[in-house]
Structure formats: C-alpha cells, structure tokens
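S.K.: Spelled out, the chains give:
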Amino acid sequence: MSTNFDLAIIGAGPAGYVAAERAGKKGLKVVLFEKRELGGVCLNEGCIPTKALLYAAKLYDHALEGDKYGVSAKEVSYDFSKMMSRKQKVVKKLVGGVGAAMKEYHVEVIKGLATITGRSSAGITISAGDQEYLATNLMICTGSESLIPPIPGLQNTPNEILITSREILQLTEVPKSLVIIGGGVIGMEFGSFFNSMGTKVTIVEMLDEILTGMDREMSVMLRQIYTKKGITFNLSSKVTEVKGNEVIYLKDGQTQSVTGDKILVSIGRRPVTKGFGLENLGVELNRGGIKVDEKMRTNIPNVYAAGDITGFSLLAHTASREGEVIVNNLTGRNDRMRYNAIPGVVYTNPEFSGVGLTEEAAKQKNIDIKVVKLPMAYAGRFMIENEGGNGLCKVIVGSKYEEVLGVHMLGNPSSEMIYGAAMAIEMEMTLKEMQEVVFPHPTVSEIFKETVFAFK
Amino acid sequence: MATTVIMPKQGQSVESCIITEWNKKKGDKVTKGEVLFAYETDKASFEEEVPVDGYLLEIFFQAGDEVPVLTNVCVIGAEGESISGITAAAAPEEKAETKTPAAEKSVQPAAFSAEVKQPIASSEQQGSEKFVSPRARNLAQKEGVIIENIKGSGPKGRIIEQDVRASIESSPKITPLAKKMAEAEQLPPVTEGSGLGGSVTAKDLTAVNPVYSSDFEIKKISNMRKLIAKAMFNSLQNSAQLTHHLGADARRMLELRKKVKKANENGNPANITLNDMVCYAVVKALLKFPQANTHFLGDSMKYFNKVHLGVAVDTDRGLMVPVIKNADDLSIKGLSNQLKEMAAMCRKGNINPELLSSEAASFTVSNLGNYGVEIFTPVINLPQSAILGVNTIVPRPKDLGDGAYGFVPYIGLSLTYNHQALDGGEATRFLKQIAIEIENLEFEI
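Protein chains in written order, with the working numbering: chain W, 1 to 456; chain Y, 1 to 445.
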C-alpha cells in the first residue's frame, strides 16, 4: 500500500489536471491517474487540436479573400500534413506544460488504468498497475466518449469510412467528400474546417435546426453563411441506415441518401462510467452520468465527480471550474458550482458565442425578458475587419430589473469577448451597471456596449 | 413622560401572542391611532394602535417573537427622552385582571428617569444592555446595518463606529440585481451568498435554486394552522363520524333571493343571501331536533336550550369558525347581518377569540356551494355532535306530475354526525327537516 493521499483524481482532463494543480498549490497531497495522455480529450483530441486546424483554415480563407482588403496573394495553397504536424506540435507542447505543472505542485502522476477497489474508514483504495493507493478523498473525472447510435449498418461500416472526432484528427489526407451525422458543435466545427479545405461537406441533422441550445436566430444565420460557402444541410433528417459510403436518411417522409468518402458520427457524447471500478463504490447515476450536488459531491461521502462524467454541460471550462469547486471546498472555502453563466463557443468562421439564457429557453421557462439585438457592423472595428461580413449581437435582460441574463454573438472574435458577458451575468449586473463600464475603442467588443445602450 | 405599550391579553386563555409585523421602526415619529404592530394568538390576529403621539423610542421584541401577554413591547415618548429603567419585564399583573378579557387598554405610564444624557439603551432578549455611539448609529442607519447583531468592542461592550464598519466589511457582497430585488420586494437580508466570491445573488434572496439542491422548502406552520391540524385530527380520531347526503328543492329559496335582489334595487338594504337562508332553516330545524343541537361528552350529552350557530369562514390565515350566539332569537335579517359581521371580523382578524372556540357553538354550518362543490364530508368540530355541509345548486330531473318531467334546482346538503351521539334514523330525519325548512321558507323582506 502506497502512502495516504489527501486527494486521488481519476482522469487528467481539464477537470482532473486543473484540480490537481489547484490542490497541489494549496498543499494537498495529490495522486492523479491517467490511462492515456495528460490533458484528456480536450488537449489531445478535442478543443486544442481542432482549434489549431481551424486557425490554419482561417488563415487560408483570409489569404484567399485578401483581395477585398487590397492584398492579393497568388497561388494560395495549403499543406494538410504540415497543418496536422503543427497541430501535433501544439498538443505536445501543451501536454508537456501540464506535466511540468504537475511536477511543480508535487502531484504524483500515475500513467495507467486506475481501478477503484473499495472504501473503508481509512479512505478509498485505488489500484493501478500492481500498486494500491489510499486516499481520503476521490475525484472522478473520467470524461466522455463519442456516442455511436444503434443505426443499422453502422457497426459493419469499415473503420476507414466511419470515423469519430478522434479518428478524424488522424487523417493523412483531405477527403473529397464528408458526410457528418449530427449538426452540433463538433459537427459544425469539422464541417467548417473541411469546407475550407475544399471537401464537399453534407450535414445530416435529425432536429429542425443545427446547434440546438444556442440562439436559434444566429444558428439559422450561421447555417445560411455555410450554405453559401458550400455545405449542404439536411435538417429534420433521421438517419435510418448506413451502407458502406452511403448514409440513408428519412426526410419529409421520403428516403434519401448521400455518399461520402468519410462519414463522421458526431451526435453526442456519453459519460464513461464503466471500466474503472465505479460499481465498487455504489455511486448514484443520473441520466447515464454521476449524480452530483452543487458542491460536486456524489452520494458517497468524500467522493466527488467533475467534468463530462456528470453528463451535462460537456465543456472543458465547465469541467475545470467544477474541479476548482471541489478543491475549494476541500481546502476550507465554501464554493458552489453555478451553471447560469457558462459561455459556449462554436469556432466556425465566423465564430458563434453565447452565454446565459437564450430567447428559446426563456420562453420554455416562462421568464419575462426584454431583448435587443444589433448588427455586429455597429462596431466600427467589426466593419474594418469583416469586409462584406455580417453578424449579430443580442442581449437578453429580465423585464423587471433589467439584469443581464444572456448575451449571444455571431461574428469574429466573439469567442474572445463573451467572457465579459459571462462576468456581467455572474455578477448579476443590470443595464445600469453595464452602461457605466468603459470599453476600449475601437474594438468589436463595443457592440456589447452599443446593444446595452439600445434598450429603451 | 415615556409610555410603554404592552402586549394586550386577548381572552382569558391566551398566555402569549406572536408579533407578526412591525409597522413602525425604532426612532419613527408616531401618531395616535396609527397601526403600531400586528400580532396573532392561536386563533386570530390583531393590530395594536399607537396610544399617544411621540417617537418610538425602543422596541423590545421583533416580528416573529412570542411575547407573554402584559409584557412591555415598546416605548413611546418625546424625542431623545431617556427610557433607561424600562425593560421588557412584564407589567404588574393586577392591573390587567381588573379589565375585560377582550380589547384591553394597553397604555400605562412608564417609569421615568431623570438622566437625559444617557445613550439610548436597547435591551436584548438576554436582558443585557447595549450602548451604541451616535456615530455608530448614524453609520448603521445609513448603511442599513442591523445594530442588534453587532458585537461592541468599546468600553463595556459599547458599539462604536469601527464595529459597524467591520460588520459591513465582513458581511457578504450583494449583486446589483439582488440589491434592487431586496429593496423592491422588501426581502430579508441573507448572510450567506452562493454567487461570485460568496456574493449574495437574487437566487439566494428567494432561496430557490433551479439547478440543484432541493426543489422544496420547509416552512414552519402558523399557530393557527397547528390548532386546526390538531382539532381536525382529534375529530377524526375521537368520534364515529359519517355523512348523509340529501337534496332540497331550491326553487323557493331562489324565488326569495330574486325578491331580495329586487328589494335591494328599490333601496332595501337587507341583502339576504342563499347562505343566510340555509342558516335560518338550520336554526329552525335544530329547534325541532334538540338531539342534534348537542355536545357529546363521552359519558353525558349537553343539550343546548339555545342555538349557538358556528359558521365556517375561509380566511387568508386559514379556516375560522366564529359562533353566532343565540341565533334562534334572531330574525333572518338579524342572522344575515351577524353572519356578514362575523365573516368580516374573521377576515380582518379582529374577532374575539372566545367566539372561535368549538365549545362555544352548539352546531356548525360549512358552505362550499359558492365554490361549486357538489358533495363533501365536513369534519365535526368536537365536541359538537354534527355539522352541516352546504353544497352548490344543481338542476335535477323531477316528476312534475302528469307524466311530465322537468329540471328542478336542488341544493345539496351533507350532514356529518357523530354516531356516538346520534343514530342514522334521527340524523336522517333531522337532515330531512332542514330540507323541509328550506323548501318552505317564509320571511318578510
């Protein structure tokens, strides 16, 4: 038996490694288990590598449209393998950075599959390799995996055709055509990237609009932008069968089909609750994920869960904050997880960002709201940098007290400024306070200020 | 000279009352006749008025506190007047005993002290005295800090400005929204926040957390609710009650009601309602069936010579059953007036608690007809032997003679009786008698 740890963490994704770092910094003795690479899906096969590719695609797009700004580049081309290797370089560097942080805060990192073996008055026991570890507290953050729906034929589709977000990042050449099942964030981002690369992209979505959960008006706008760029969208289309390269779907009662060199399945992700001894603890599940309270406690004392394993808000930044909530409470600071101001970004070009309440959610929850929206071009800087481009900024406030409840933006670089809106929501600022904030000029962020002032 | 206001003794059995709301704050200028505070007994709530013009110098109890009757509640006097020596201690008991039970006069001269310079003393529940510096008081007032919650660090525990400042700094930050909401909706202050860095959010004020935590709230029940709960449970536990249902032809009643309405239009003020008519019929029936006008006492029965009619009244505070004493002495107009007056007093909360006792009534009527209830089983107010539930009027097919059928309005009557006191036969005959009285109502408008 190894020495007693204050905190054992299973899974080194954005929940696990951030919590390990924070806990280590506060002097807790931490052991972190990871069966693959530090950084989890986010760093290795999610957020980071996709953004590396999308940035390259954006550069390429800009080079092609430089003419609009009086800059012309001849024979613009890209090198896919170079893009992929740069992406890998970025990933490697960042993973290395996580490893360095773990060393700095004396976190013991155990590479290998961890199994929870039991719980006693002494603590929770975990085995990895041929070692046993004992910890007072356990944080479970094993993340999620791509959900493969039970569609006939899908199981038999060869691996070189049927891919998930993991395999698509390992492609060695750009496919001529790509069918994406599922028009959510992952589907839209890969669709955007391969559209820039010249691939014929078709998105098949079961629901009546892409990006459900985001602002609907802007989802429609984004879809229209990408329709113009050449992506084919099949909405309200339920995939009934996959036959080799062919995806067969039912749309308006008609059976239709589309073929692709590759078929990307991105209909969602599900929490990983099996394969690491969770059943030995008796942790209560909820909708496939681990049930937690606002302090990320499970039903078992001293056992916590954070990140995708909880089954909702599957976002890296949610996971990190959840991990921090756990560490704060373990180290004597009363902290609770709040989900009302978690920003969400789709890294398409233009970027689509939102935080807080949408108009659709307000309607569903029967919340009285006031909404004002302005074209992004009301900000001079946006016009300067987006020749011919359009976008929208929408601010939602409560009708009685005018508190900021939601902000949604379509346009670059909304991903970099949405946090300001998240702060306003977290601090429950009302229009009055927002109007006193000074924004730098000229910036695209001024659109937020303009919209705040546009309320009557 | 300062005047103390005591908690009045509302009825012989009342030992303490709960202050439900203060309409005035300490330091307020008050005028005679204004409502000073509201309080409730087990059964009713009352408002205490300001007895003399002046300033509210001290408050000994807060809203929610249970205060023994005849105890000093607050002090009114001239601005800046010293009230040292006056505490929450009970006023002399003999003064109260000479008074009538209800609506006590609650003013008495307070002990006077000549020390004028002494800072205002505020008496804590523990009886210890707190001194507050004027600067501390000013700051607390400006920042809305509750001074009673502050621990003094000055000499002899005196609260100084620094203490108030420290209290402000250590209290949780509040978000702009929460501040606005708290002000607009007069929400009580919250000591723990769930927002950024522990700040108090709008959600904390209302204690409803939509994402997690519990989707319910546990609230203490009012004294009145406790009393109703106890009485109703006792009734079902300690008697053998069952209900008979019967309908009465309501044509006569509706015809009379029409006449009353017409008379009203012509300036006759007596607005006799259907409920008044039913109660009138019940009184008449009770006189013919004395065994229903009883209390069942286990080994004996109490037969009333008079009819003391209890009437169930739905109020914001809960169900109240005031009694109309000697209802058999009243004309229908008198009964009607009494019923309206009682209901109004119950809803206002200024009814004499003695009239709410289940012992005071010999029989009770509960009318749910207004709400469209067609059948229900009222619960007996023990020790009474029976209760009549009055239902809505519904059209029922009736043989009108000569093979002709028509729809006739019927009023439903549900009689719950204690089988310990009455048998099914006599209960049914009594119920039938009520129907007969209703069907043959006679009165002058």
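Mixed in with the good hints, there may be bad ones.
Unchecked claim - Computed cross-link-like contacts, DSS-like style, restricted to lysine-lysine with a CA-CA straight-line distance of at most 27 Å: (1) Y/K180 with W/K394; (2) W/K251 with W/K87; (3) W/K251 with W/K74; (4) W/K251 with W/K200; (5) W/K400 with Y/K180; (6) W/K363 with W/K432; (7) Y/K180 with W/K456; (8) W/K365 with Y/K179; (9) Y/K179 with W/K394.
Said to hold, decoys possible - Derived, one-sided and incomplete: chain W residues facing chain Y with beta-carbon distance under 8 Å: (10) I151; (11) N334; (12) R336; (13) E403; (14) M429; (15) T430; (16) E436; (17) F439.
Keep in mind the hints are simulated off the structure, nothing from the lab.
What you are looking at is a predicted structure, and each value in this text was computed from that prediction instead of being measured.
The beta carbon of each residue, even a glycine, is placed where N, CA and C say it ideally should be.
S.K.: All hints are to be evaluated individually against the structure, with a verdict given for each.
M.R.: So, going through the hints one by one against the coordinates:
no., hint, verdict
1, Y/K180 with W/K394, "holds, 24 Å"
2, W/K251 with W/K87, "violated, 37 Å"
3, W/K251 with W/K74, "violated, 43 Å"
4, W/K251 with W/K200, "holds, 20 Å"
5, W/K400 with Y/K180, "holds, 10 Å"
6, W/K363 with W/K432, "holds, 24 Å"
7, Y/K180 with W/K456, "holds, 19 Å"
8, W/K365 with Y/K179, "holds, 24 Å"
9, Y/K179 with W/K394, "holds, 25 Å"
10, I151, "violated, 33 Å"
11, N334, "holds, 7 Å"
12, R336, "holds, 5 Å"
13, E403, "holds, 4 Å"
14, M429, "holds, 6 Å"
15, T430, "holds, 5 Å"
16, E436, "violated, 10 Å"
17, F439, "violated, 18 Å"
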